[in-house]
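Residue numbers (my numbering), protein chains in the order written: chain A, 225 to 563; chain B, 225 to 563; chain C, 225 to 563; chain D, 225 to 563.
These are computed hints drawn from the structure, not numbers from a lab. Some hints here could point you the wrong way.
As the list claims (entries may be wrong) - Restraint-style ranges between C-beta atoms, simulated for each label pair:
| hint | chain 1 | residue 1 | chain 2 | residue 2 | range |
| --- | --- | --- | --- | --- | --- |
| 1 | A | A401 | B | P302 | 52 to 62 Å |
| 2 | D | R246 | A | E368 | 39 to 49 Å |
| 3 | A | F364 | B | F364 | 57 to 67 Å |
| 4 | B | K424 | A | G292 | 50 to 60 Å |
| 5 | B | P302 | C | G394 | 51 to 61 Å |
| 6 | A | E556 | D | K485 | 53 to 63 Å |
Said to hold, decoys possible - A partial selection of chain A residues facing chain C, derived with a Cβ cut-off under 8 Å:
| hint | residue |
| --- | --- |
| 7 | R465 |
| 8 | T466 |
| 9 | F467 |
Idealized CB from N, CA, C, for every residue including glycine.
4 protein chains.
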Amino acid sequence: MLIVLKPDATPAQAERVCEEIRRLGFQPHPMPGAGRTAIGITGNKGPVNALPFESLAGVDQCIPVTKGYKLVLREMKPEGTRFKIKGTEVGGGKNFTIIAGPCSVESTKQMETVAKFLKDLGVNILRGGAFKPRTSPYSFQGLESEGLAILKDIGDRFKIATITEVMDTGAVEDVSAAADVLQIGARNMQNFSLLKRVGKAKKPVFLKRGMSATLEEFLLAAEYVLHGGNNHAILCERGVRTFADHARNTLDLSIVPSVQKLSHLPIFVDPSHAIGKREYIEPMAKAALACGADGLMVEVTPDPDHALSDGAQTLNFKGFEKLIQALKPMAELLGRKIN
Amino acid sequence: MLIVLKPDATPAQAERVCEEIRRLGFQPHPMPGAGRTAIGITGNKGPVNALPFESLAGVDQCIPVTKGYKLVLREMKPEGTRFKIKGTEVGGGKNFTIIAGPCSVESTKQMETVAKFLKDLGVNILRGGAFKPRTSPYSFQGLESEGLAILKDIGDRFKIATITEVMDTGAVEDVSAAADVLQIGARNMQNFSLLKRVGKAKKPVFLKRGMSATLEEFLLAAEYVLHGGNNHAILCERGVRTFADHARNTLDLSIVPSVQKLSHLPIFVDPSHAIGKREYIEPMAKAALACGADGLMVEVTPDPDHALSDGAQTLNFKGFEKLIQALKPMAELLGRKIN
Amino acid sequence: MLIVLKPDATPAQAERVCEEIRRLGFQPHPMPGAGRTAIGITGNKGPVNALPFESLAGVDQCIPVTKGYKLVLREMKPEGTRFKIKGTEVGGGKNFTIIAGPCSVESTKQMETVAKFLKDLGVNILRGGAFKPRTSPYSFQGLESEGLAILKDIGDRFKIATITEVMDTGAVEDVSAAADVLQIGARNMQNFSLLKRVGKAKKPVFLKRGMSATLEEFLLAAEYVLHGGNNHAILCERGVRTFADHARNTLDLSIVPSVQKLSHLPIFVDPSHAIGKREYIEPMAKAALACGADGLMVEVTPDPDHALSDGAQTLNFKGFEKLIQALKPMAELLGRKIN
Amino acid sequence: MLIVLKPDATPAQAERVCEEIRRLGFQPHPMPGAGRTAIGITGNKGPVNALPFESLAGVDQCIPVTKGYKLVLREMKPEGTRFKIKGTEVGGGKNFTIIAGPCSVESTKQMETVAKFLKDLGVNILRGGAFKPRTSPYSFQGLESEGLAILKDIGDRFKIATITEVMDTGAVEDVSAAADVLQIGARNMQNFSLLKRVGKAKKPVFLKRGMSATLEEFLLAAEYVLHGGNNHAILCERGVRTFADHARNTLDLSIVPSVQKLSHLPIFVDPSHAIGKREYIEPMAKAALACGADGLMVEVTPDPDHALSDGAQTLNFKGFEKLIQALKPMAELLGRKIN
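So here's chain A without its partners, still in its complex pose:
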């Protein structure tokens, strides 16, 4: 059940509702929104009786939940989740946020070049993998802690937000200290230990859809994060695995409006991993904007052909600049703002 408070409900009234939820042996999850606060209830086994809540001061309505997920439901925050990452606002309908950078952090020099290039273009969130989930144990596994240190340094010096993947519960603390956003990769979308752990972290979580995850599984993975207490989650479609072989994965753009109907969480699109071929990134990025995605994650590096990983799907600077130039007027037309 969700308990929606009146727009003018006081903090004391909200706390009174939370108390009552706790008294029943459940956990309250208050989620303040633009115009009102909703409070989710978890820990109950069956339906919760609305009666004791309806009579409490400040309560507007009680909405029963019939889906498996609760806290990610659009009803919890009808206007959509919106928050800032080092000053850059994500979500909420207006923003179209670009996250860009190389697949892997390879050196300070590489990251400096990319960070400067992105800042000049108005891109404010830099990606770069320090821990790389590689199919083969013999592939480059990332610079690991050295990569984290580079990210931290670049983030501080260039005043650019950073996002990097965390693959292990034991690394969440270090990654949280080095980067502004914690990425959960597609292969870990149902690593529930990790989801629980980042639910306790103080940094936003960027959750990539698993290779064969249904919409419900995707939302339930995000529910793990919110259930842990971390309301700052972003979802990301990155292609799913199908029989089709003309692209690395099949980019499933129809999940964008589907997520937005059911959930208040922002949904991004990663055309680089979805397609795996540089030349199709621009058309797919435009399609993502056109169908309403909240942002993009795109791989860019000065010299893709010599990258230590994923070169074939990575744009060079010229290609990336062209992409941004193509997106800008379309965003404007659609009433969106690239940031």
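For this one, chain A is given, so just place chains B, C and D on it according to the hints.
Positioned in the frame of chain A, the structure of chains B, C and D alone reads:
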């Protein structure tokens, strides 16, 4: 092998090349383009020796073909196939052509209402099924020949082009007489008897991608049509079958630029069948335009909730008008013309 | 609704029930079984009232049907469909029937060699394609009518039953005259014109599962055949299309018990097309027997490496003999009889 | 490169080869087999020069490796990996090993009942989840450390081997102390941190195939385990995710012979998770045995309808006993021994 003629090659020179091809026991397939003519060769088992052709007058170059398809190759017509359907130009990069109408032809009155509505909106190609491929033998199978007669009548009276599905070699003649475009449904994409037959028809063919067709299979199905002598083929992505269950099918938009890179044939998108839910048609249609599709096929009917088939995925007039209004400025921005 | 007659119901009583069904404007489909007759009703839009039937003489019970398919339902023939193909009994639980032969009919000599080999081994149904559905128009398309003539000749001379694919409504008559079983290929599983046509044919139909057909679609395709009046249908699993790339297709053996629970139709397995690699045919054939399949279709030819199609998945004589030797004791153990 | 020693090579000669490998900056991975020892080389970037090795005493041949995986390759141990789990031998071709038990450990009493039942039937490895990977954060997550304690107690008292899932690097030590085999679930098949960690553990690893893992990804996941130094890995097919909806997943049995051709690791089949329906477990288990699997994992519990998880796919005691009775004669016929 493709033989590309010089821009100023004469018809007699082209015929001389064809003669030489026939003399070797092969079939020539001349395909006149905007600036030049290319001649495809089929019937050969192994590679064709370029030498005898290179010395013929009017020959510019000989391009070896390493793919399984030849006549659909972009190299045959680099500027893209472009032709008119009852006055409406399809393909070629500039045009964004809308095909719309009900799933099934149900009555003259219904089709009159839709035809008038579409013409007023500037939509020039009317769809409507007379023969319906239905999963169950107990579902409505279409009005069949009565439906064809209605289509013919509407097409004549409203000066609107019509497209309808043909499911059987035995019906190709009748459907060709009644409609302006022959649709091959997804379930028949590899009905090779039918593909051969429509390759001999005098009307353009609208070929829908099979539910689990790869790009190569899709292009080879079109190759059957062109190989039969019919160069006026249009491809259409309509969603593929995957594990994902939030939409009826998974719309695979990345096939749009992939087709356009490999082939000169126009590629349309059918968001209605792909998604199966009315509310997601507009975002997916915008995505199709944004990623470069040559057109759309959309289901629209005055009263979707009482349609004899596919109501849940069909727009009403208001929804369709809103869609066209949303597409127009985006098309303009992208240098495309809705027709 | 299904109307089940008493074991001692007379033909006159059965006809009286059919009359009543016709009087209501519906079609009766009597299906005589080992111990009793069931009569299916089609043509109704909503549920049929049982009352008028329950009081008719000879009626045992009326079973409402809630699935989309009716005539293929196990309840219509609880003991399973069983019929003879040129003397060889198929279906019914005991029989494990082998269909074998080359992918394509290539010559009389080839077919003579194979027919003799199979008869000597106790295999009684010979496969061989005269019309080949090929992905590319440039691949060998079969010997067509010449292939049919060879099949007819071989079937007559060697007293062996024959099965061959029919791809077009226009060819059903000729194929019915030449072969004992009409095969519908995977690509045509939802070629509804063809299904309707073979439903009127006098020969049994061997229906291969489509590459991405669900169980329900598969059964509904068979329902088309039975609805046309042809009760002699056999289903065949031949692998489905998935992301997996270690085999040509993914052999979905769990459909075997699933079909047998829902339907009275025999279900065969084609490991050759499913796997596409010769060396895995034997283990998969054994698995098919072990999970209860009613039979196998296997490709065998004297010289697979020079076959005009599908050589890589075809057993040579030695491999096929080894397969039969491996299946025999397992069949015996399981109370099944290879025929 | 693999270096295969002569059957009579001495330990000192083997060590000499390892020294040479280390001298070149690579890591040696000796894998003693029934008749000979093979030594894998990892850490090299390109091909390794065979010359310096071929002249060393005791070296029989040097085999270049062209696949991405090395240590799991069949060539490393042609007779197949074989090892004992608390006295029960797994792998090697003869053994068909049954792992059975409830989805979740629910109580000491439940586990006592199951352990006694299994021992009496000759089943020697007991499964039971203490940490449960659940799609929803609101589903029962397992008894966790209490479940481990129960497992340890049962394993000790009933002299039965135990297997349980480990979901987190932080839990590997505790799980290793409580159970005899560490299970990696399908959702964690590419949790590379966890794979690296269990590669350092002293207990065998039971690795389930990911929901959409290719054969190559599956083998590379196992390669992570062996690369960590743990040679006792077992693979398990548990169904993959496809469009098919008649079973929970699509059981891909053709991976059994495919794995056995490429790798020396044992491959098990879990029909319970693959199918998700109790009634189809027996036919699929028989198919798994028939196609050559090295063993089964099956869910069984005294009272499936009241299980806290996965009841619908779990056999009761009677059903499980029937299954074992059905498998025994088939195993005998095939020259296999159920243990």
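- Item | Hint check for D:K485 and A:E556 - Cβ pair distance inside 53 to 63 Å | holds (57 Å)
- Once the shortest beta carbon distance from A:T466 to chain C is found, is it less than 8 Å? Hint on A:T466: holds, closest Cβ of chain C at ~6 Å, below 8 Å.
- Query: Between D:R246 and A:E368, does the beta-carbon spacing fit 39 to 49 Å?
  - Reply: violated (23 Å)
- Range agreement (Cβ of B:F364 with Cβ of A:F364, hint 57 to 67 Å): holds (58 Å)
- Query: Taking 51 to 61 Å as the hint, is the beta-carbon distance of B:P302 and C:G394 inside that range?
  - Reply: violated (39 Å)
- Holds or violated: is the Cβ of A:R465 closer than 8 Å to a Cβ in chain C? Nearest chain C Cβ about 5 Å off; hint holds.
- Task: Mind checking the hinted window 52 to 62 Å against the Cβ distance between A:A401 and B:P302?
- Result: Because 54 Å falls inside the window, the suggested range holds.
- Does the Cβ pair B:K424, A:G292 satisfy 50 to 60 Å? Hint holds: Cβ distance 54 Å, inside 50 to 60 Å.
- Mind checking the CB of A:F467 against every CB in chain C and telling me if the closest is under 8 Å? holds (5 Å)
Violated hints, listed in ascending order, are 2 and 5; each of the other numbered hints is respected by the structure.
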